[in-house]
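One-letter residues, chain by chain:
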Amino acid sequence: MSRDSDAPPAPVAFGRWAVPLLAEQLRLPGRDVRLRALAALIDVLRQPLRGPEALTEGFLQQLKVLLEDEDPCVRAKVCQLLHVLAAHTCGRQALLAASFLPPLSQLLEDPPCRRTVFLLLSRLSLHSSGRVSLLTLLPKLMKKLQEEEEEEEDEVQVLFLSLLRCCFQADPEAALRSDAVALLAPKLSNGALNICKAAAAAMMALSVPMGGKVEVCDQKVLPAVAALLQEEDEEAQLNATGVIMFAAVTTAGKLQCLHLNVLPVLLKLACDRHEDEDMRRRRKPLVMNSVRGLTMLAETPEGRRLLQDQLPLLRRTSEEEEDVDIQRVFETAIQVVTFTP
Amino acid sequence: AAARDRFQKMDGGRMYVFSSRPRVVEDPWKPRWSPSERMQQKHGNIMRDPRVFRGIASSQPLKFAVSPVLFLYLSHNQSRRSKTGQEEMFSPPFGSHAESYLEELSDIPEVKETECQTDAFLDRPETPLFLAAKTGKDAATQIYEGDLFDFEEEVQPILEILVGKTLEQSLLEVMEEEELAALMAQQRAFLERRNNELPEVHRLEEQERRRREERVQQRRALEEEKEVAEKIAARALTQQQLADLVPSVLASLRREGYFYDPVERGEATHFFPRLMDDVESILQKNCRVRELLDGQTLCFICCSLWFGNLVCFWFSNLECGPCLRVVQTE
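First to last, the sequence lines map onto chains C and D.
Throughout the first sequence, residue numbering follows full-length UniProt numbering, covering 1 to 341 in sequence.
Throughout the second sequence, residue numbering follows full-length UniProt numbering, covering 1 to 330 in sequence.
It is possible that some hints are incorrect.
Have a look at the derived ranges for each label pair, beta carbon to beta carbon [said to hold, decoys possible]:
| no. | chain 1 | residue 1 | chain 2 | residue 2 | range |
| --- | --- | --- | --- | --- | --- |
| 1 | D | 175 | C | 331 | 38 to 44 Å |
| 2 | D | 180 | C | 193 | 22 to 28 Å |
| 3 | C | 43 | D | 171 | 14 to 20 Å |
Partial selection, computed: residues in chain D whose CB lies under 7 Å from chain C [stated by the list, open to error]:
| no. | residue |
| --- | --- |
| 4 | 123 |
| 5 | 126 |
| 6 | 167 |
| 7 | 169 |
| 8 | 172 |
| 9 | 173 |
| 10 | 196 |
| 11 | 199 |
| 12 | 202 |
| 13 | 203 |
| 14 | 208 |
Think of the hints as simulated: they come from the structure by calculation, not from any bench.
Beta carbons: idealized from backbone N, C-alpha and C, even for Gly.
Excised from the complex, chain D in its bound form:
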């Protein structure tokens, strides 16, 4: 029967597969659709359905439409078996003739009998594990490579952060080093500039100093020369003047009387003063005498005059005053 089914499927020469959902068969005696119970469909007993083949009461094998080749083969085999009673190699049916098309019909089906009985002395085997019959629908899922987790996508932000942070840190470190290097470069540049200008300044200063010193020296030399020249001129002049100094000095000294004769001087200093003193004393005596004499005379005149004045005074109240006044004045 299995061989038969297989060959049936090869009808038309190509394989086909058909599957459909099991469907409830409608009960033909009931109306298909009733307005009250739309959803429920009463399914009747499927064996009572006239469309279902229930089998014939007799137990003859059924005859279905069979391909001619198969039919031939079957009938041929059957006829052979009934004759010899043992299997024989398959021989193409087309060699034999009409007799191979004959078929034996009988009422007695082929029956095989088997029986089974457990051994009386075997132990009771273990109860197999109870596995409940599977109910419900089978469901299956399968997660493929790129469904849940895509490495490329997920790794991107992490990589970005890692690389970014590393780059940032390294940039900052480089910037710090550059900062230090820039400071040092700035210092170096400043030093260079200083070294450019400074020696020139020093050189010019030194030049100035040298020139100033030279000038000072020159001035000093000039002054010395001038001094020397002046000294020479002065010396010449003085010499010239002093040339006739000596005779004039001698003349003036002589004139002043610094050159004297000692005897003369002795006489003059010692002798003459004494002489003169004596002369002077004598003369003084003379003078004194004369003075005394003069004095006496004067005294007398005065006394006489005084008496006269007294008399006049007495007579002043008289009219002869003016003539006495005249006498007085004489």
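Bound-form chain C, shown alone:
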């Protein structure tokens, strides 16, 4: 199979005849011919301004037919071609309009095409209409989450989880109805850091609606999230603080977080000063998430008590901070801490 995918690409005509002639070759019955024509098409359409040439109706329909070809190499190459086409906005719109999603969703099970299909779907999700269309795939993705095998590579899993995150952001209610939190929870304590990060991001998207928050507290997800908070990686910390921030809105969440001793960690993250401008800009979302988490936790009596001890530190950090948003967030936190009924 690798020999076939390295076959030399078919000769390309010059100018505007390139794509139509290669498209003709795609119709021929021979498998090798088709493979070579596909390889040549990928090369041609990868050149910057030639992508949209291929967006005619007939061509896309033909590609759809080829997606269901029996040969996995042909399918993989067609997926690559679609991925190249999806780099342009008009390409993405054409793909969405031509309803490529059903055959693509079937290809999710296909090992050689899986990665490319995920990349393609993540490109399609850059549009809001794309995200809406991706929601139709949601049942299938949830089923896939359920019956996940362990042999998949990390990269494919990370792509899958980021795709899930897009779907959850678009419509968390539907995901919650299909029991997403329970299915996602094991991934948080999975081995690789990338997978944990991506799972935490998906969980953050799920915990935005109220039902999600309740489920997150119920399903005992927070211990794994607190463990993720201790990691050194910035993105992991960001996602973990996001989950905590959303989950701590409910009373149960607050209590669980206090039990898990999350407060000192959040305090450290919030008040840690860096001199470098870039670092500070990068850490801004992290700081904001931590301070919001502290605000949530300060609404409990115990949290308020703990934070009143740290009030000078909070005030000092708020004064030193130059960014207006962070200052505002700190002020809200101080207000909540000093609130007396």
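For chain C, the structure is supplied; the task is to place chain D on it using the hints.
Leaving out everything else, chain D in the frame of chain C:
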């Protein structure tokens, strides 16, 4: 003679080269320029030109101006040869004296004879290739390095196109990637902003909800308390009222006659009604009798009156009407 020529050129001590185009020698007997045939110049036989040396009829070698050294050498050698008849090493002429300056003059030139004859039995050699004698002028050209083709110049437009196209393509590819990255960055920025505001909103909502619930609970608690207090007050009040209820009830009942003596009641309910009914019937009978009597009397009075009316009517036309009317009215 060759040695002589060479030495002649070294006259004056330096080499010189002279060359000129061969020129047609003008015929001295003809005028130089005639108006009719300007271009053509008749060239006469050059051997008839008096300026050309044709040689002397005698075959003596000629004497030209010779440098003294050469002259000495020549004369010396000649005298030596004539004496010994074989070559001898050159000896400087200055050693000998006057005799070396002597020269022998003779009429008989030195003659050498040679002859040549091809071998009778050799094959005829091949005819050499006929190469026509070269006519015309020789011309030669030489193209040097930078004349026709300058690589640096020619390669410039090609290089420009190649480099330009490559740069353009790479720029476009980078721009496409940047576009995708910008889209994703925009999404991320939007998510960040949302994540900034959303938890605050949720927190405040949650706070509101909690406070509302607390208020509802408090209100319910207050209401319950109020109810309880009211109930207590009502109970106290009713107790107070009901305290003297019982005697008053008993008194009123007694008053109403609910407490009775059974014998008395028995007499009252059974005995007296019968008694009264009997009394009533007797009285009714009496009444009836009296009524009948009254009726009879009334009937009689009425009949009598009626007769009277009849009579009166007969007499109404008479003048005693009014007195009867008075009787009637009585």
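Hints, verified against the model:
A C-beta distance of roughly 42 Å is found between residue 175 of chain D and residue 331 of chain C, which places it inside the suggested range of 38 to 44 Å. For residue 180 of chain D paired with residue 193 of chain C, a C-beta distance near 25 Å keeps the hint of 22 to 28 Å intact. Checked against the hint of 14 to 20 Å, the C-beta distance between residue 43 of chain C and residue 171 of chain D comes to roughly 19 Å, which is consistent with it. At a threshold of 7 Å, the smallest CB-CB gap from residue 123 of chain D to chain C is about 68 Å, leaving the interface hint violated.
Taking 7 Å as the C-beta contact cut-off toward chain C, the hint placing residue 126 of chain D at the interface is violated, the least distance being around 61 Å. Hint on residue 167 of chain D is violated. Least Cβ distance to chain C is approximately 12 Å, over the 7 Å limit. A hinted interface residue such as residue 169 of chain D counts as satisfied when its beta carbon comes closer than 7 Å to some beta carbon of chain C; here the least separation is about 6 Å, so the hint holds. Using the Cβ-Cβ criterion of 7 Å, the hint placing residue 172 of chain D at the interface with chain C is satisfied: the shortest such distance is roughly 3 Å.
Checking residue 173 of chain D against chain C: minimum C-beta separation of about 5 Å stays under 7 Å; hint holds. The interface hint given for residue 196 of chain D holds, since its Cβ lies 6 Å from the closest Cβ of chain C, which is under the 7 Å cut-off. A hinted interface residue such as residue 199 of chain D counts as satisfied when its beta carbon comes closer than 7 Å to some beta carbon of chain C; here the least separation is about 5 Å, so the hint holds. Restraint check, residue 202 of chain D versus chain C: the minimum CB separation of about 5 Å is within 7 Å; hint holds.
Among the interface hints, the one on residue 203 of chain D holds; its C-beta lies about 6 Å from the nearest C-beta in chain C, closer than the 7 Å criterion. Hint status for residue 208 of chain D relative to chain C: violated, with the closest Cβ pair at about 12 Å, above 7 Å.
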